[in-house]
Every structure is written in C-alpha cells, then in structure tokens.
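S.K.: Listed here are the chains, written in short residue letters.
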Amino acid sequence: MPVIELENLRKDYGGATVMEGLDLTMEDGEFTVLVGPSGCGKSTTLRMIAGLEDVTDGRILIGGRDVTDLDPKERDLAMVFQDYALYPHMNVARNMSFALRLQRMDKAEIDRRVRDVAEVLGLTDYLGRKPAALSGGQRQRVAMGRALVRDASTFLFDEPLSNLDAKLRGQMRAELAETRQRVEKNMIYVTHDQVEAMTLGDRIVVMRAGRIMQVGTPEELFRRPRNLFVAGFIGSPPMNFLPGRIEEGRVVGEGFALPLGPGRAGGAAPSGAVTVGLRPSAFRRAADGDIPFRVEISEYLGATSVLVGRLGTARVQVEVDTPAPVRVGETLQLGVDPDQLHLFDPQTEAAL
Amino acid sequence: MRGGPAHTLPKDPLMATARRRANRLTPYLFVAPALLVLAVGLLYPIGYMVWASFLDWSPSQRIGEAEFVGMRNYVGLLGDASFQESVRVTLVFAAAVVSIEMVLGVGLALLLDRQIRGMSLLRTVFILPMMIAPIVVGLIWRYMYHPSVGVFNRTLESWGLEPIPWLSSPDWALASVIIADVWQWTPFVFILSLAALQSLPRSALEAARVDGASEWQQVWHIKLPLMLPVLIVTALLRLIDAFKVLEVILVMTNGGPGLSTEIVSLRIQRTVAEFRQLGTGAAMSIYLLLIVLVLTVAMFLFGKWREGRDARVRARAAEAEAA
Chain A
1 MPVIELENLR KDYGGATVME GLDLTMEDGE FTVLVGPSGC GKSTTLRMIA GLEDVTDGRI
61 LIGGRDVTDL DPKERDLAMV FQDYALYPHM NVARNMSFAL RLQRMDKAEI DRRVRDVAEV
121 LGLTDYLGRK PAALSGGQRQ RVAMGRALVR DASTFLFDEP LSNLDAKLRG QMRAELAETR
181 QRVEKNMIYV THDQVEAMTL GDRIVVMRAG RIMQVGTPEE LFRRPRNLFV AGFIGSPPMN
241 FLPGRIEEGR VVGEGFALPL GPGRAGGAAP SGAVTVGLRP SAFRRAADGD IPFRVEISEY
301 LGATSVLVGR LGTARVQVEV DTPAPVRVGE TLQLGVDPDQ LHLFDPQTEA AL
Chain B
353 MRGGPAHTLP KDPLMATARR RANRLTPYLF VAPALLVLAV GLLYPIGYMV WASFLDWSPS
413 QRIGEAEFVG MRNYVGLLGD ASFQESVRVT LVFAAAVVSI EMVLGVGLAL LLDRQIRGMS
473 LLRTVFILPM MIAPIVVGLI WRYMYHPSVG VFNRTLESWG LEPIPWLSSP DWALASVIIA
533 DVWQWTPFVF ILSLAALQSL PRSALEAARV DGASEWQQVW HIKLPLMLPV LIVTALLRLI
593 DAFKVLEVIL VMTNGGPGLS TEIVSLRIQR TVAEFRQLGT GAAMSIYLLL IVLVLTVAMF
653 LFGKWREGRD ARVRARAAEA EAA
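Protein chains in written order, with this note's numbering: chain A, 1 to 352; chain B, 353 to 675.
Since the hints were derived computationally from the structure, they do not count as laboratory data.
Treat the hints with care, as some may be off.
Listed below are the simulated SDA-like cross-link pairs for lysine to any residue, each with C-alpha atoms no more than 25 Å apart in a straight line [said to hold, decoys possible]:
no.	chain 1	residue 1	chain 2	residue 2
1	A	73	A	54
2	A	73	B	653
3	A	185	B	555
4	A	130	A	113
5	A	73	B	674
6	A	130	A	69
7	A	185	A	173
8	A	73	B	466
9	A	167	B	551
10	A	107	B	567
11	A	130	B	466
12	B	656	A	107
13	A	130	B	570
14	A	73	B	661
15	A	130	B	467
16	A	130	B	557
17	A	167	B	653
18	A	130	B	653
19	A	107	B	585
20	A	130	B	581
21	A	185	A	69
22	A	73	A	16
23	A	167	B	661
24	B	656	A	69
Could you put the whole structure together from the sequences, leaning on the hints where they help?
M.R.: Rendered as structure tokens:
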C-alpha cells in the first residue's frame, strides 16, 4: 500500500483561499481520520486526493507518483460518499460490479468477488434489488461493498455514517472498525464527529479553517492537545476552560487554586495569565478535595453523572462516578490531579 | 379546536346523513365550472366533427341538410391512394424529425451541461427558434431555400457547386421541410434534456468517475439511463406535435411538389377547402386524432407504470427499514 503525501496543498474558490499550504503524510496501511467542524476543509482535502476537486497549488503523491493532475480513475482509489451515491438504475450486484465491468474483468471473477463481499456485508439476499428498495443501513453497506470489491489501494470515506440514525451509526461504526481489521489498506476517513474519529482512527488530523491544528494518535490528542482548539474539540463532554494565573507553583482562578505538578511552572505568559483546561473527567470526588462545587444540573447516566455547576462565575461540566444520583443543590468536594491539568497561553492559544 | 354547541352532533340522524352527502359532493361542485368549459369548448366541437364524419357534406349545405352516409367516408379513405400517401409522408416526417431532434437535442445538452461563462445567454439563444411563430419559420426557410436568391444556393454557387432544388424537386422537398422542423424544435429537446441532466445526482456521477468511467462511459452507463424517463416523454410530446404539423409546410411547399410533402393535416385542409368534402375531411381528422390519441395514451400509461413501480419500490424500502 502506497504512502500518500500532500505537499503544500492549496485551494482557492473563486478568489477566496479556503486552504493554504497543507502538508500531510499518511503512512502505509494507516487509518487516517480528518476531523473538524464544517468548513474546515476536510472534505475538500479528501476530494482533492480523490481527484474530484482541482488543486490550486501544491502536489499530491501516491506511492511517490505525482497524481495532482490525474483523473480519479488513474489514482487507484475507492470512495464511499456521504449520500452513498449509488447508481439508482442498477441493482445492488450491478452497483457493486460497475467498476469491475468497466475494467472488462472476467464475468466469473466479477461474480465471485461480488458474492464474497455481499456475503461479508449481509447483502446476499438483496443483490437483485434497486437502491430505492433498500433501507438506509443497507444502502450504506452497498456503498461500502462497491468500494470493497474494487480492491483499490486506498479507501476514501466522506462522512459515510452521517446520514444514519444514532443507533445504526453506532452499529455501522463497529462494523467499519471490524472491516478495518480485515482489510489491509490505506483508509482516509472524513468526519465532523470526534467520537468516530477517536474510535476508528490510527491517526487523527484535526483541521480548522483550512489548517491542520494537530496530528496524532487518539491518545496523544486526548492527553496532550497542542492548542485550545484541539483540547476543546476532542473529548466528550468537552473540556472546561477557565481563566487563571500562575502563583508560586499553583494555578489560581475564581473558585479554585490547584497545585502544579513538578516542572510545570515555566512557560506562562509574562503576566502569569493562563487559560486552564480541565476535562470533566479530570475531577474526582474527594473528602480532602479543595474545590467546593454546588450542583445546578445533574444528568445521571448510570455509572457516572455529568454535573453542571459553577467555579466562580464560570459554568463547568464535571463527570464523576456516582453510585447513586446526585441531587441538585448538593455541594460536593472535588479534587483534580496535577497531571490532568492543561494550561494554554490566552493569546496564542498554544499549550504550555 | 373550539368546543361549544355549534360542534355537537346533529340530533337527527337523517340530517347527519344529508350533511355528509353534501360534504362529499362539494368538490364536484367546485370542479363543475371547469367541466362545463371543457364540455362546451372541447367536447362539443369534437362531437360535431365525429357527426360530420358520417355525412356527405358540402360547404354550401347546412349540417342538417347533409346526407348521412354511415361509415362510407372511413371506408373510402382506406382505399384512397392520396390519403395513404399523406399518411406515409406524415410517418416518415414524424419519425425523421423526432429521431434527428432527439439525437441533436440530447447531444447538445450533454455538451453544454457545464459551467461556462455566458452559458445562460447561450441557452437563451438556443431556444429562440422555438419562440418564433411557425408561419414565420416557414417564410424564413422558404426565402433561404429560394432557388436563385436563397442563402443556401448562393453559398453553394460561391463555392462553385451545383445549386440544389430544395423545394422544387420531389426528392429534396421532404428533406428540406424536415431540416426546417429540426431547426425549430431541437431546442425543445435540448432544454428538457438539459434540465434532466442538471437534476441528475452529482455524487453518482462522481462515484462513476472514481469507479473509472470515462466521459463517454459516464454518458452511456449513467447519464442516459437516468435521463431515460424524461427522454421518453419528450419524444412522445414531439411525436404528437409532429403528427399535427401544418403551417411550416403549408407556407414552404403547400404539400408539393406533387404529393411529396403532403402530410395528413395538409391533405385535410385541401380536402375541405379545395375538394369541398367536409365529411371526408372530418373522417381524416378522426384518423389523425386516433393516431395522436394512441401516443397520448402511451405516454399516460408510461407515467402510470412508473408511478406504480416507484410505489412498489418504496414499499419494499419501508419494509427493509422496518426489519
């Protein structure tokens, strides 16, 4: 499987630059997820790799071959579209075999491949049906199947699960993760859903406004976000951000004063002002905790609860283990481990 | 919903039944005026024509004075060589113009279905011929086909080629008439095809590109099959019109030379105006009406068939969704 390299990729739309100098290398056999809010350029990037979108400037290399100006068909890719993009006038079998028929592959071989993939995806009973006679989940599977029979070097996914309802999405996500174990291919997956990104990706590329904010494994992004945006984007419920300042080995803000771990003191802005990032899961209930927390909203999820309250004037979400539901109005004593503390420069938004 | 005495059920069950019946009749009451207009404006003249087709009727008689001859007009026409020739000419004309217009119209649409600067202006220019009154189209082409001063023969001459007897030779006249009709009505096919093309699912075409389809393969395997329903209806509409064509040919050749461009509607016009046989003319009109009716019913049935198929497919999808 070839390495895919994007070199200084730029995209203009009618005079407006939506992407400026993107550099990214996707390693051999890697599942790369491009994630970010809508308009961040993730879909545009994918479509440029596919060859469906012109590249304004820069190069795309697949396995060392410059494909920047090649047609999609010359790039050896398979793609799953957000709206599935099935051919409405062809039945499932013909949808799946379209690319193979264009290659004039042997009929028996086409038949064998389609049957194998249909078997895996549970579509065997539906091979004769038109897409319009299928459920949403089945259409999604056909779209996957059409990519799988191709045996292309690289699979591209453009928000493939976003048209499904929540339950089906979870199920298909699991199936996709399973497929990924079985199929040794490059996969590039675009989504706006950080849960999909975290659960599927070997590596995640977080994008915002046509720029890469951070590239890393799910764990790296969660534990060591490089800036405020990534910290806020990855993780659910999202990280809390509070204004604070560094004072004598502690970080102090409205309603809290937390000790910094060893070696964490340096690097603060000259004024000592910092933005403190605390994940809801960073809090724990502790009798010796030094943060009093009055519960305003209590969402009991079973094993855990998401509690909303205030530190000073700032609204804060806290996720704690709850043997029993926490009542609204109760005041809890909370503590935070020093290594769960994230500090950001309020000006540059970079992690400290 | 407001409550109150006005909304309680009427006590008398007979009254309730009467009211329900009145409610059921209301829609028909609203449609009645339109039905009346339809009856007076459409059915009455057609009925008149059907009645006339059973008469031996000359323009100097009132319809009541004409002799009833039963099916004689119809039977006579079946053995009438001139009428048969006009049917043949009409069929050749209709088949030729519709095939050529479909190929050219769809071809143009496929070529022009893209984002080009000035495309909307170009589209407007393309559909202009359709907007011109057929009489005027006939005149324009008659002058262009003129044997000595027409633009075609002058051009041929300037290239040192023999002039062509566009409208004066029986071998050329039908072709010349067909060319003029193609000029006027290709835009109709073009504009409907373009609309069909632009409503195709973009992502399916992108998927085809990723699947390795060339431009030509996209047209053949994706675009044309998906446009097919629109194309079938367009072709039927054009066929219906082609069977009824009159003015352009009337002005250009008046059916000549000989009978070479005499289509059925011209034959009808001559039978009535020249031969003064209103009954025979009416019977010809009925034959023409039947041909067009068959096409119209075909179009209607095609629509019904598609609806039924779509409904069945949707039902299966709903089933699959529920499973």
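S.K.: Now look at each hint and say whether the structure bears it out.
M.R.: Here is how each hint holds up against the structure:
{"no.": "1", "hint": "A:73 <-> A:54", "in the structure": "holds, 15 Å"}
{"no.": "2", "hint": "A:73 <-> B:653", "in the structure": "violated, 41 Å"}
{"no.": "3", "hint": "A:185 <-> B:555", "in the structure": "holds, 23 Å"}
{"no.": "4", "hint": "A:130 <-> A:113", "in the structure": "holds, 19 Å"}
{"no.": "5", "hint": "A:73 <-> B:674", "in the structure": "violated, 37 Å"}
{"no.": "6", "hint": "A:130 <-> A:69", "in the structure": "violated, 35 Å"}
{"no.": "7", "hint": "A:185 <-> A:173", "in the structure": "holds, 17 Å"}
{"no.": "8", "hint": "A:73 <-> B:466", "in the structure": "holds, 20 Å"}
{"no.": "9", "hint": "A:167 <-> B:551", "in the structure": "violated, 32 Å"}
{"no.": "10", "hint": "A:107 <-> B:567", "in the structure": "holds, 24 Å"}
{"no.": "11", "hint": "A:130 <-> B:466", "in the structure": "violated, 29 Å"}
{"no.": "12", "hint": "B:656 <-> A:107", "in the structure": "violated, 36 Å"}
{"no.": "13", "hint": "A:130 <-> B:570", "in the structure": "holds, 19 Å"}
{"no.": "14", "hint": "A:73 <-> B:661", "in the structure": "violated, 34 Å"}
{"no.": "15", "hint": "A:130 <-> B:467", "in the structure": "violated, 31 Å"}
{"no.": "16", "hint": "A:130 <-> B:557", "in the structure": "holds, 17 Å"}
{"no.": "17", "hint": "A:167 <-> B:653", "in the structure": "violated, 42 Å"}
{"no.": "18", "hint": "A:130 <-> B:653", "in the structure": "holds, 22 Å"}
{"no.": "19", "hint": "A:107 <-> B:585", "in the structure": "violated, 35 Å"}
{"no.": "20", "hint": "A:130 <-> B:581", "in the structure": "holds, 16 Å"}
{"no.": "21", "hint": "A:185 <-> A:69", "in the structure": "holds, 23 Å"}
{"no.": "22", "hint": "A:73 <-> A:16", "in the structure": "violated, 28 Å"}
{"no.": "23", "hint": "A:167 <-> B:661", "in the structure": "violated, 31 Å"}
{"no.": "24", "hint": "B:656 <-> A:69", "in the structure": "violated, 47 Å"}
The structure fails to meet hints 2, 5, 6, 9, 11, 12, 14, 15, 17, 19, 22, 23, 24 from the earlier list, while all remaining hints are met.
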